[in-house]
Amino acid sequence: MTARAHEIRKTYGGTTALDGLSLDLGPGVTGLLGPNGAGKTTLLRILATVLAPDAGTVRVLGRDPSVASERTEIRRRLGYLPQEVGAYPGFSVREFVDYVAVLKEHTDRRARRHEVDRVLELVDLTSKAYDKTRTLSGGMRRRLGLATAFLGDPELLILDEPAVGLDPEQRLRFRELVSADPGRCVVLSTHQTEDVAALCREVVVVDAGRLLFRGSPADLAASAAGRVWRSDAREPGADLAWIAGDGSTRPIGRPPAGAELVVPTVEDAYLVLVGAKALAPVGA
Amino acid sequence: MTPPDTWHPEEGQLQAYVDSRPGGLSAASIEAHLIACRTCRSVLRDAVPAPRLAAVLAEVEDRVDLLERPWLERLLGRCGVTEPDARALLAAPNVRLAWWGAVLAAVVLALLVSQRDRQPEGLFLLLAPLLPVVSTAAAYAPGLDRARAIVAATPYPTSRLLLARSLAVGGTALIGSVVAALALPQHDLIGLAWMLPSLALTLLVLALSPWAGTGPAAASVAGGWVAVVATLGRRGVEPLSTIGGVGQLVSAGLAAVALVVLTNQWKHLDQGGQA
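In order, the protein sequence lines correspond to chains A and B.
7 is the number of the first residue of the first sequence in my numbering; add one for each residue after it.
969 is the number of the first residue of the second sequence in my numbering; add one for each residue after it.
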């Protein structure tokens, strides 16, 4: 296993972010789904070694992050994209990536220069290398954060909402980038179920700091079989319903007699699991 | 562009230039010619082995790279500070801001003290120990360091970051306050005796930061100091007595406790301390 969390708990004041969650992560891309406040970011921060759990044990890349020397060793081998990518506004894109590379112990200047060029090329920011970071759009800033995460070709990539702000073309490029090495362990949180369906070997659904589901995207979709149907109007008995692109209503819940059941998607299954909380606006 | 009626170096001369890159007039004339003559540049390109060309380019890049580094970073490098330490220290705009703020505050303090007729020592005693406290907090507070979330997951330890920034900014504030003390009408003990309380307060802020966050810790400690000095002043205690023998002992004890707590908190600073 590349990373393992066992019975971890974390509270902030009186709020429980993680409530005895256990999880094993191996090679391949694992998608973390959950409504806002589910504990995704806290879990990723703990795996990235920047936050210690209040209780429970964590092993990352075979080491214990609570031990300073082992934590440093883990950090040498992981790439982390935080939810908020803050960059110094007076730095150029290249200067900022170079700064992070220095702190990641890329001490040889020539090798570092090539490495910075490589990651900028990976995220398609070469043409912006000498632009100030303050001039970047939200999507570009995300790609800048991705560039720093890819420094040193890490064995473990922890990405907190990496696809936010990326345009469709960049999202495809991102999927290609993240899935290029099947031996690498990638764990990413997202609100976009289509990314999970397209990219992930495994999907993990968390809510209120607990694990609700773990399995393949196909298993997740299959878990909602018999609970999603099509209707011409809103069904009063449905748990959730929304208008689909073709104008029909797509209710979720116990189907009424004679309902036309449809093959559920990953998104349907996620909504079945999490319920109305999942429809809350992102960032709420 | 190839000037038609001009001198061209012989191939042997070009090869010698490539092999040994001589200095002097001969090299200068070849270089001047190469700038204008596409034919000779093409001859030269074929004559230079690819690894050699790559090495020359890398050398050029090294020089450009060196020139691009800020002068202060180069200066620190010459003083033996490692590149990661220098970068960690100088990169964040809030550290530079805190540093300049400390310098400015020291100047303002000196002006205030020098122009005060009544009890300038009291004013100095109230404000001088707070300078390192406030500037250290401003240099380190993660809310002011935009890149902190990314930097936190690098192998560069947060505790080292804290120490480097505290020493740079807090040290500057300390020196500034020493200079400001020269503005006091009498250069007696008070010019030095505030240092231990100041050190204790700064260490206290750093020790409290993992629990309370740097900003609230600095505000609480500064507020506490002001309350103590004001209360003693109202009771008619002379400023010098506040930091006299008992004051020094209390400060030393406080500094020692804060240092022990801070040492034990290194782990938390590095892993999710609110600092």
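These are computed hints drawn from the structure, not numbers from a lab.
There's no promise every hint is true.
Said to hold, decoys possible - The calculated lysine to aspartate or glutamate pairs, modelled on DMTMM-like cross-linking and capped at a C-alpha distance of 25 angstroms, are:
hint	chain 1	residue 1	chain 2	residue 2
1	A	Lys-138	B	Glu-1041
2	A	Lys-134	B	Asp-1033
3	A	Lys-134	B	Asp-1030
4	A	Lys-138	B	Asp-1053
5	A	Lys-138	A	Glu-90
6	A	Lys-138	B	Glu-1029
7	A	Lys-138	B	Asp-987
8	A	Lys-134	A	Asp-123
9	A	Lys-138	B	Glu-1051
10	A	Lys-134	B	Glu-1036
11	A	Lys-134	B	Glu-1029
12	A	Lys-138	A	Glu-111
13	A	Lys-138	B	Asp-1033
14	A	Lys-138	B	Glu-979
What the hints assert, rightly or not - Computed beta-carbon distance windows for the label pairs:
hint	chain 1	residue 1	chain 2	residue 2	range
15	A	Ala-204	B	Arg-1046	47 to 57 angstroms
16	A	Thr-113	B	Val-1146	54 to 64 angstroms
17	B	Leu-1072	A	Gly-32	50 to 60 angstroms
18	B	Glu-1041	A	Ile-249	54 to 64 angstroms
In this text, all values refer to a predicted model and were calculated from it rather than measured experimentally.
Each residue gets a CB set at the ideal place from its N, CA and C atoms; glycine is no exception.
Verification of the hints:
1. A/Lys-138 x B/Glu-1041: 20 angstroms, holds
2. A/Lys-134 x B/Asp-1033: Satisfied, since the Cα-Cα distance of roughly 18 angstroms is no more than 25 angstroms.
3. A/Lys-134 x B/Asp-1030: 21 angstroms, holds
4. A/Lys-138 x B/Asp-1053: The hint holds at about 23 angstroms.
5. A/Lys-138 x A/Glu-90: 18 angstroms, holds
6. A/Lys-138 x B/Glu-1029: Cα-Cα ~21 angstroms, so holds.
7. A/Lys-138 x B/Asp-987: 41 angstroms, violated
8. A/Lys-134 x A/Asp-123: Status holds; Cα separation ~11 angstroms.
9. A/Lys-138 x B/Glu-1051: Answer holds: A/Lys-138 to B/Glu-1051 is near 22 angstroms, not above 25 angstroms.
10. A/Lys-134 x B/Glu-1036: Status holds; Cα separation ~18 angstroms.
11. A/Lys-134 x B/Glu-1029: 19 angstroms, holds
12. A/Lys-138 x A/Glu-111: Holds, because 24 angstroms separates the two Cα atoms, which is no more than 25 angstroms.
13. A/Lys-138 x B/Asp-1033: 18 angstroms, holds
14. A/Lys-138 x B/Glu-979: Violated. A/Lys-138 to B/Glu-979 sits at ~46 angstroms, over the 25 angstroms cutoff.
15. A/Ala-204 x B/Arg-1046: 47 to 57 angstroms: 52 angstroms, holds
16. A/Thr-113 x B/Val-1146: 54 to 64 angstroms: 37 angstroms, violated
17. B/Leu-1072 x A/Gly-32: 50 to 60 angstroms: Holds: the Cβ-Cβ distance is about 55 angstroms, inside 50 to 60 angstroms.
18. B/Glu-1041 x A/Ile-249: 54 to 64 angstroms: Given range 54 to 64 angstroms: holds, Cβ gap about 58 angstroms.
Of the numbered hints given earlier, the model fails hints 7, 14 and 16; all others are met.
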